[in-house]
Amino acid sequence: MDEELKRKIEKIYKDTEVEFPERNRMVVKTKKASTLSILEFLKKEGFRQLKAISCVDWIKEGEFELIYHLAPLNSPLHVMVKIRIERKNAETETILKIFENAKVYEREIYELFGIEFKGNPDLSPLFLENWHDLPPFRKDFDTRKYVKKTFDEIPSVEDRNERT
Amino acid sequence: MDRKNILKWLKEPGKMGHKYSLWAVYFCTGCGIIEIPPTITSQWDAERFGVIPVATPRQANLFMITGYVSVKTLKAIIRTYEQMPEPKYTVAFGSCPINGGMYWDSYNTIKHIDKYIPIDGWIAGCMPRPEAIFIGVTKLWMMIDKGAATGYIRYRKNYKFYRRNQEKLFGKLPWPPLYPVDEKENKNG
Amino acid sequence: MVIKIIEFIFSPFLAFIIGVFFLGLFRKIVARIHQRYGPPIIQPLLDVIKLFHQKGFSHGALFDLGLILSLAGSIVVVLFIPFGGICPLKSSGGLLVILYTMLFLPLGIALSGGEGANPNISIGISRKLILCLGYEVPFLLILLSTMSFYRTISIVDIVNSQKNFHWTLFSPLFLSGIAYFMILPAMLGMRPFDIVSAPQEISSGPAVEYGGKYLGLFHIQHSFSIFIMIALFVDLFLGGGENIFYFFLKMLTIFFIMVLIHSVFPRLRLEQALRYLWKWPTIFAFLGVIISKVVR
Amino acid sequence: MRELELYFGPQHPGMVGNFSITLKVEGDRILEAIPNPGYLHRGFEKLMELRNWVQNFPFVCRINVIEPDSMEAVYAMAVEKLANIQIPERAKYIRTIVLELGRLASHLFGAWAYANMLGFDTPAQWAMADRDHILDLFEELTGGRVYHIYILPGGVRRDLPDGFEEKVMHFLHALASKLPDYNETFFENRIFYERAKDIGKIKKEEAIEWAATGQVLRATGIKHDIRKIEPYFAYDKVEFDIPTRVDGDAYSRILVIRDEMLESAKIIMQCIEKMPEGKVYERTPNPFKWKIPEGETYVRLESSRGELGLYLVSNGGNTPYRVHFKTPSFNHGLFILPKLLKGASIADVGNIMISLYVVAPEIDR
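Residue numbers (the working numbering), protein chains in the order written: chain W, 1 to 164; chain X, 1 to 189; chain E, 1 to 296; chain F, 1 to 365.
If you're looking for bench data, these hints aren't it; they were derived computationally from the structure. A portion of the hints provided could be inaccurate.
[What the hints assert, rightly or not] Lysine to any residue pairs mimicking SDA-like chemistry, simulated, CA-CA at most 25 Å apart:
(1) E:K293 with E:M182
(2) W:K44 with F:E205
(3) E:K55 with X:Y152
(4) F:K342 with W:K44
Remember, predicted model here, so these are calculated numbers, not experimental data.
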């Protein structure tokens with residue numbers, strides 16, 4: 001079933017490469033422009049559940065990599081659609097129209113990586129409390145330096161009155 | 001366990017009352033909460049020592065900080081602590097409230113909880129077992145007896161420093177200070 | 001005259017002792033059903049002692065007055081209810097006066113709760129008043145049936161006319177006795193009707209803002225209300241014993257059955273509780289009224 | 001009617017982990033529910049990038065407090081796939097037993113949380129007491145009550161202590177004998193049926209569209225279980241079936257959990273019989289110098305709350321380059337819960353939340 005799916009995708013979308021890194025896993029590398037159409041196509045092919053959206057920060061190549069995990073209901077095949085975005089002002093189209101439950105994943109990635117999802121109505125902060133620093137999951141944010149700067153500066157409360 | 005010692009009840013009913021009816025706020029602040037249900041249910045049963053979870057901070061006099069504290073939870077902890085009526089005791093579970101524990105390099109967890117609110121008792125263990133919780137409760141009894149469980153008095157005396165630490169972390173706090181803080185001394189404090 | 005004064009002082013004190021003993025027994029029996037030891041019987045007393053040594057927060061004069069009003073109302077009702085031969089205010093009015101002063105309990109809490117700013121309180125109070133509405137309808141019909149059956153409104157006459165074992169429960173009025181038994185959990189605020197102080201839904205409803213001595217007064221008022229509801233049932237339907245010991249024995253059995261019901265059921269939602277209260281208990285109470293008219 | 005803003009906040013009795021929902025309430029109806037997570041966020045995926053492969057094991061089981069074994073197992077599977085280590089046969093069976101015991105403990109904890117939220121103390125206390133027997137078994141096997149750090153890359157840390165199988169069988173028979181009175185008091189209780197029927201109803205298409213997994217999906221009639229679709233460890237060598245219900249409301253979800261408990265007991269018994277002899281641990285290189293070849297993998301397993309996935313990327317270094325956990329409660333709690341709460345009554349907020357088995361530490365990681 002996977003081979004004829006691979007031929008079908010490569011016939012329709014020219015700029016994608018499809019590989020099978022391991023049993024039951026299919027990777028579709030594609031450009032940012034054709035993500036919506038590929039996801040639409042895969043959804044019709046039976047991959048009806050968007051399991052998750054992961055994001056990897058390749059700081060050396062200066063790119064973010066977004067991975068859309070799709071899975072059907074009754075077959076072990078698991079599809080990972082990968083796109084690359086450059087790191088500077090990273091932004092991409094939202095996929096709310098195809099998978100409504102992407103709203104929550106996009107909100108998390110916006111907060112932790114700083115990728116702007118155009119079209120997502122609700123990108124308000126999710127986990128962090130009035131955060132003014134770099135998005136924390138980026139490779140160039142050093143959490144140990146941040147800890148020294150914020151938490152270790154606060155002096156402990158010496159009990160000046162009675163030295164017990 | 002001098003619960004049946006009538007003489008002590010007549011001499012100092014307040015102290016004995018607080019010892020044998022510790023009502024804990026039902027607030028799971030961290031991962032230690034997984035050991036609270038077994039402690040309050042039939043296998044370990046904390047109710048025979050008079051420790052029951054109550055719904056609101058107003059009714060409670062024991063505050064158990066179970067496990068690590070994240071920045072957002074600290075705001076809720078400070079509000080809950082300040083709403084509790086006066087003789088109140090706090091017990092911190094595990095190594096994370098002491099010095100950040102396993103999450104020492106995490107950007108979102110508090111490293112030393114006693115910089116922000118006073119803590120009376122510490123229970124060691126990366127999630128203390130129910131027996132350790134009972135030992136912590138009995139140690140708290142002894143401290144109440146000796147009058148050493150004075151976290152709330154320290155909070156009232158050094159409120160200026162606690163409030164300054166809290167504001168250093170959160171910036172302007174939305175709720176008014178619990179005790180009057182004279183602004184001028186706070187400037188150069 | 002001296003006995004009267006002793007009765008005046010002694011009966012609320014005795015009611016408080018029995019109420020607190022019931023609360024302690026309640027926690028012990030529930031613990032044993034949960035297969036654990038549970039606190040000592042006197043634990044509620046220790047809690048009240050502790051609560052009076054805690055500095056509570058007051059939200060204005062009305063906040064305190066409402067609570068005191070509710071406590072005073074429950075003490076006054078205790079004076080009217082005969083138990084085991086002692087009834088301080090025997091001659092001045094019977095069931096009707098009990099009915100009025102019993103309304104002070106929920107209204108006092110509602111008055112004092114109104115001051116607290118916590119939204120949980122307003123939801124809790126609306127639940128409490130709706131639940132009171134729920135069980136007042138069958139309760140009035142039951143009192144109507146007993147009054148018309150015995151042709152008197154004085155509760156002492158009802159108790160005296162039930163001498164040597166022909167209790168109203170075995171008389172043709174047993175339907176309204178069953179109806180009273182069905183609404184008793186709602187009146188005591190025990191499960192499946194503890195919608196008012198549901199800790200998991202509205203974090204203990206009207207008692208959210210009570211701390212320290214206010215909570216102590218609330219617990220005392222709760223113990224008085226438990227005593228009143230069960231004592232009224234025993235007086236009307238089980239012939240209210242010759243001396244205090246028989247009376248206490250009957251109350252204990254009723255309370256024990258209530259605790260068993262409490263520990264076996266989860267909590268109903270408010271509309272489900274009302275649907276239940278206005279269905280079977282009201283039908284039985286209504287039949288009771290008809291029977292009391294037909295039989296006499 | 002005046003519109004009220006109510007906080008089903010972090011400080012709430014009966015709440016599993018702290019997770020706050022702001023409810024816009026009118027009278028008894030909820031107009032809108034906005035979940036507000038983040039109270040337990042420790043930035044696990046950031047911290048795991050600073051620790052080497054084996055150092056992450058005591059770290060990774062602390063993500064989810066209620067079922068730490070599933071976290072360890074999914075991380076071990078990913079590391080073994082990247083470093084292509086084949087674990088011995090006996091270790092597969094032991095891992096299956098540990099996972100199923102963890103599932104039983106997690107379901108009993110769920111039963112406590114659900115019964116406690118409905119104010120139903122008796123079965124809640126019994127369920128928690130039975131769960132404690134499982135923790136004693138774990139303590140004997142791994143030394144820790146809740147966090148076991150027992151599943152390591154290359155197998156399991158140590159073999160079963162002698163006499164362990166009899167203790168497990170004894171516990172399973174004791175639990176099986178208790179199930180009838182759980183049924184009478186809890187699952188088939190008349191008022192519990194009234195309270196849980198038609199609450200938080202999800203249709204079949206909605207469940208698929210919203211990417212629901214685990215018992216939320218199975219309660220709507222779809223036989224979806226990762227243990228059957230993509231069997232791992234020893235799940236292909238044991239027979240068990242997947243319980244499903246049809247009408248997808250809170251009551252059928254709890255019934256699916258009840259039947260799953262029976263299935264887990266069956267699996268454990270079969271594993272104990274079929275377990276071969278042999279070593280339990282495949283030697284792995286020195287943790288400080290262990291460099292896993294470059295690559296990426298997505299592994300998944302069926303945890304007690306739904307499908308738990310892990311996307312692991314390694315750039316050939318000593319520490320993982322990127323770790324991303326796909327936890328079931330993230331989707332159930334932040335996306336499905338507000339949809340179900342709209343229009344529900346205040347009394348059912350906890351009811352719906354715990355029937356979806358939303359666990360706060362899993363959402364924030």
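Structure-based check of all given hints:
1. E:K293 with E:M182: holds, 22 Å
2. W:K44 with F:E205: Roughly 14 Å between the alpha carbons, so the hint for K44 of chain W and E205 of chain F holds.
3. E:K55 with X:Y152: Holds: K55 of chain E and Y152 of chain X sit about 12 Å apart, inside 25 Å.
4. F:K342 with W:K44: violated, 30 Å
In the structure shown, a violation is registered for the earlier hint numbered 4 alone.
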